[in-house]
Amino acid sequence: MDKMPGWADAVLVPLFSLFLAALLSALVIIGIGEDPIAAFKLMVDGALMRSAGWGYTLYYATNFMFTGLAVAVAFHARLFNIGGEGQAMIGGLGVALACLYIPWPNWYVALVGATVSAAIFGALWALIPAYLQAKRGSHIVITTIMFNFIAAAVLNYILVNQLRPQGAMDPSSAKFPEPTHLPTFQDMFSTSSDQLFRGAPANVTFFVALLACLLVWMLIWRTRLGYEIRAFGHSPSAAQYAGISPIKITVVTMLISGGLAGMMGLNTTMGEAERLVMNATEGAGFIGIAVALMGRSHPLGVLLAALLFGFLYQGGAELALWTDIPRELIVVIQALVILFTGALDNMVRMPLERMFAALRKSERPGDRSARSGPAE
Amino acid sequence: MSNADTPEADLLTDAVAPAIQLKGISKAFGPVQANKNISISVKPGTIHGIIGENGAGKSTLMSILYGFYKADSGQILINGAETQIPDSQAAIRAGIGMVFQHFKLVQNFTVLENIILGAEDGPLLRPSLNKARGVLKQLAEEYELNVDPDAVVEHLDVGHQQRVEILKALYRQADILILDEPTGVLTPAEADHLFRILENLRKEGKTIILITHKLREIMDATDTVSVMRRGEMTATVQTSETSPERLAEMMVGRKVLLQVKKTPAEPAGPILEVENLRHVDEQGVERLKGISLDVRGGEILGIAGVAGNGQSDLLEVLGGYAEGTGTIRVRGKEIDLTGRHSDGQSRRADGIAHVPEDRHREGLIMPFTAWENMIFGYHRDPGIQSGPLMDNAAIKTEAAAKMERFDVRPPDPRLAARNFSGGNQQKIVLAREIERNPDILLVGQPTRGVDIGAIEFIHQQIIRLRDEGKAILLVSVELDEIFSLSDRIAVMFDGRIMGERVPSETNEQELGLLMAGITDTAHAHVPASPMAMSEAELQKAAVEAPEPTTPEPPAPPPSEAASDTQPSAKAKDAPGKSKDHQEKPRPSESVASLSATLPQSTASVPRQPPPRQDPQESDPNG
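So the sequences go chain by chain: A and B.
The numbers in the numbering used here rise by one with no breaks, and the one at position 346 of the first sequence is 346.
Plus 1000 on top of the position in the second sequence (first one is 1) and you've got the numbering used here.
These are calculated hints, taken from the structure and not from any lab test.
Virtual Cβ for every residue (Gly too), placed ideally from N, Cα, C.
One or more of the hints may lead you astray.
Once the Cα atoms are required to be at most 20 Å apart in a straight line, the calculated DMTMM-like pairs of lysine to aspartate or glutamate come out as [as the list claims (entries may be wrong)]:
#: 1; chain 1: B; residue 1: 1104; chain 2: B; residue 2: 1148
#: 2; chain 1: A; residue 1: 135; chain 2: B; residue 2: 1323
#: 3; chain 1: A; residue 1: 135; chain 2: B; residue 2: 1281
Pair by pair, the computed Cβ-Cβ distance ranges are [stated by the list, open to error]:
#: 4; chain 1: B; residue 1: 1039; chain 2: A; residue 2: 358; range: 24 to 34 Å
#: 5; chain 1: B; residue 1: 1405; chain 2: A; residue 2: 106; range: 54 to 64 Å
#: 6; chain 1: A; residue 1: 23; chain 2: B; residue 2: 1026; range: 35 to 45 Å
#: 7; chain 1: A; residue 1: 102; chain 2: B; residue 2: 1339; range: 40 to 50 Å
#: 8; chain 1: B; residue 1: 1087; chain 2: A; residue 2: 23; range: 27 to 37 Å
#: 9; chain 1: B; residue 1: 1280; chain 2: A; residue 2: 19; range: 56 to 66 Å
So here's chain B without its partners, still in its complex pose:
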């Protein structure tokens, strides 16, 4: 196609009306223009990707399409006919189904009950349930959408819950399916299955809109892709005619340098030594099953693993806010793991600083100002007291200086934390922890939900601290981030360290197998390409792997927790996509690291109507 950049023109030649056409959609929240004159058209029976950084306006656009927000101006055409979508009921009538990032399921209902909820045929449930059972059976056969109709949703893992969401939409006869960051909560194996389902749906003529920030998913799964930046649609292209590098550039608006520059590590003696560390969580499940590791001064130890295999628990025990047994030594001195001298305060006194995995829940107090957050955890430091009161003036001055050094924008310490963008929030946490000059820095998911520009900076700061001789323990579910930062990599699976590797002497395949719990890599006869691993082999691998962590917790965990308790049977990074995708060239290394670290919405970003929207999404830098 010669005119790949103008699908509208392209469509004129086709007789079929686009399944969805948006014309000049604009939407402002107060002074923030979330969508600016957006036009897009999606052909029926295609998978259309929408990609953009956090806050680019993707979710706003889809919310308009699904009737959550009303556009200030513009038109929506469904199958060529102009359609008003004042609410989600209208969207469903127009054949639009939406699968949200955070599922909207009733946790203690069965799958069937969830599916008919809001689509009951009459006052009695029995006929609706029977009808739904039939439809479900048919859908399961057609699209590989197998779910036990009588299972209670809270007992399903996240992948299956997502299938219930898709089934809900299909049960309401959706022809157009919108998926918002569908793989954010999935293990790689679940993600692969999802894409197989989407492919089947597409073959049946459904139109799919896939919102994501992961370039690899766009390249693998979509037919066309639109790039959004700062509320504008910057381009719409055929996926086959673009490249990840080009997409990344369009997303950010400049060439992005993503390879982290670092010199080889010059490690000194061990600063942090951990021996046989165990931790049992509140449900009585053993999360850490005897972890032993050490981190030397001047090196970064990366902990790789699929989310939920004990990495978070390791950080919590090391950070002092979960109890454990075993031995932890800091510079040879043993520290308490239980009791009064085992909390965040005493760990900081021991020289352990901690950038937690979830800055919304742990690292920051969102309504607090930046300067208040700059002393969070260090607020008992006598240095910031003047008499019985806190020396607020001095704290503010110091906070302003730290914000300056860490390039926090805007550098205004009186602004509430929630008013900063994700990247700048993370910089506030990093500034607070690094500037205290700790011996040991624990870092969890340092670039989750962080924009690309900030990722570069954050990585540099972590490496700078390493070069000063500090010991750094990095936990990340992004394998590429682990690869580009770590000097040594330890792989965690099911609460154990499965092995340790040096980045230059290993590859993603080997780590992927370790992450799936397979230690004897020779035995598993690693194929030339991990993508070639068959389903049967993977199943075998999964069977050989130790028992997954949580069988049936006594108290039903929330959906997020459930996602964490499903160790993947497949390697994190084996994109064992079906069919033709394997022929596609593997993205270059720099892009791999890009896709690993592109911003993703963190789980705790609230989705709320605009007047009460958490302003962290609107970057005050403008």
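Next up, chain A with everything else stripped away, as it sits in the complex:
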């Protein structure tokens, strides 16, 4: 007998968590003498009420979808990939190299090529921790975290010493050639009379992310490999009985995870900056963990959670721009949402479970004995 209906677990728990986080954030805002309702209205106006706001929200959401999916896939095998940040950085490097050194004829061929390159670079960056976990038992959480630092250092070195154009002052690569420039939402959706998404960074990569959600869903729930990943995640001992190789699953899962994280580089590097810069990932690799947790490691959940965090990012930027609420406090609010939706999940779930149990009890007191099985 399940504790509560599936929809309640998937919808009510996150909504409740969000509500609590919002409540606490409101108290924080009141604490510094601002009006929480006005602040919330400003966030909604800035992130959702104008097409340019949407353009930013969806741009951030695209990043979070890739890194969220990366964490989600690994989590199905009970592998905690904390290295999305580093894998995304190295993925960005893959994008830059593909864009700079291969003469692409047009943007969609370039997009395909850069996607492959980004995925391969991200996957290879995840391969070493995966191998160490599978063969040597080095804990994947530790190694992937360490690889974030290594990735940042590697990127710094390559930008400063290899990719930086002669005479340039900032550590970034040269601008990518024209044929690799991806269409932004502004290019795609504006009409002559109506300028939509003006100046917003959202670009065609968003649809690549949507496609990735669909493919991940198929992988996890419709393929043999996904079946083996889930089986291994739930019970390594049973997987061994069935003849599923733990080494193979660990490595393959991490390759897929790293590849997804690496593809985030498409959005930031190819879609937005159109050159490789330091710190293009802006912590999206870590937000991906919260997104995957909140999304229950399900691609649809990841999509929705990514949109929510996109909203928080864009809304937060608006707040910083138009109010006296300091930037640091906006980080606090974002952290509260992560805390409640990610870490404090059970705090909300258990009272809800009790509530549902009580509801069920009062609903059918009559046939209870008839339905009850023996229990110990």
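Add chain B to chain A, keeping to what the hints say.
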């Protein structure tokens, strides 16, 4: 006593207040009524048995008594006074001690440290430890409860760990001792010692509640017994005035037919041949020391033995998920024992199906649905693919049909495996393995933790497969199950086959000696009754037996593993009980097989608070 069925009335005539009296206890977990209006009273200085199938509500009731759960309604009276037991601290104050099936000991603490844990007298440990040392010495003398106080718990065998649990309770001045399935992890010799301890405790006026599913233990050890079924207390009787048959009927609610019907085997040529099979485990201990056996088509070869003598390793090597050396031939073709072509997948391709010993850890993925579990291990079969994807619709349809044929209830393939009862989970595993029409079926502990109704069915299915000419290798620690299913019996001890017997030409005594590692049965001058074997003889037997398997593994094994590494010095089935028990009539054969196969909680059934309780315990059939 004329009114044996009503102990309450009985007690009214006695002036002594009952040590424990429960009145109208009810407890529901969500829609599941685990305890329904249960009343029971236990006289001081008696051993009271509580018997019932898995999920009958025994553990819930005891958890209420020990303060883990709060009853929805009802009263608890201790020594005649109504007592509130909101937590285990209150239970300890009320003089109740509990020995759990899965011990709650700190593995890397010494015995003394474990005993004073939570009962320290002050901030400094030294005085408490000294006091405990004294008390321990006294308890050891009084009750045969000898344990080295300075031994580290993880180095003790399971029997001694259990004694530490009992000592913990006695150190906290428990007058009422509850033991939950205490013999589940013990070798027969350890179990005998436990019952001697309990008898001593009883003589000293302690009250003991013994929860078990083994009828033989109830008949041997208890004064009164209560039977639970589906959350209700169906009867409380004097043990001397009931019989195992009667108890079994009260447990199940109908007459149980437990004798397996089977015709004599008509074996063909050997299908599975094993020669000089060896296996060294991760700790570097040699678990299989040159096993040779063969299983012919149309016969069941039973492997008897005390748990931990290499049977599990044999299944793992044969099943492809442990490596070994030696030769295994399937229909004359040699198969790989190491490397890439030695895993569960390749064994299945070779025609070896495997019902593993532990369905929770190996046979099933508990959160997976029944249909997903129905292809587990066979999921690479191209027949269930459609393009790059799995053909889920077809898999579901087929799973539903298999569940129908194997009488899995409820026959809903979309239900998660954990939502089925133990018996139905086992039927899912059997359906998956048998319906693939394998040449060879490896079966480990097929009826562990399975309810009686399902046992009948599972045995029938195994025999049906045999009658189709398949080779079946059965491993079971229940000697009676081995006896009733096997056509030939091989006995394992310390990683070796000690001998092979035909069931009709041997008896439990002879097998018992083989299981203890004594091959020369003539030399051991088998007494008329194995129960008459003296302690000295047994010790001698144990000394003559080869070295036990694990001396001191480099890495400390978990407690379960430790239990496995203690080969019993005594025969599995020699209930060499002390004193008067020997006069009791031996239960008839059908009951023997019943007691062998009654459900027991498997080691991996989690014990958790109700909101997160593993729902496999609540049977959705209702």
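Which hints, by number, does the structure contradict? none
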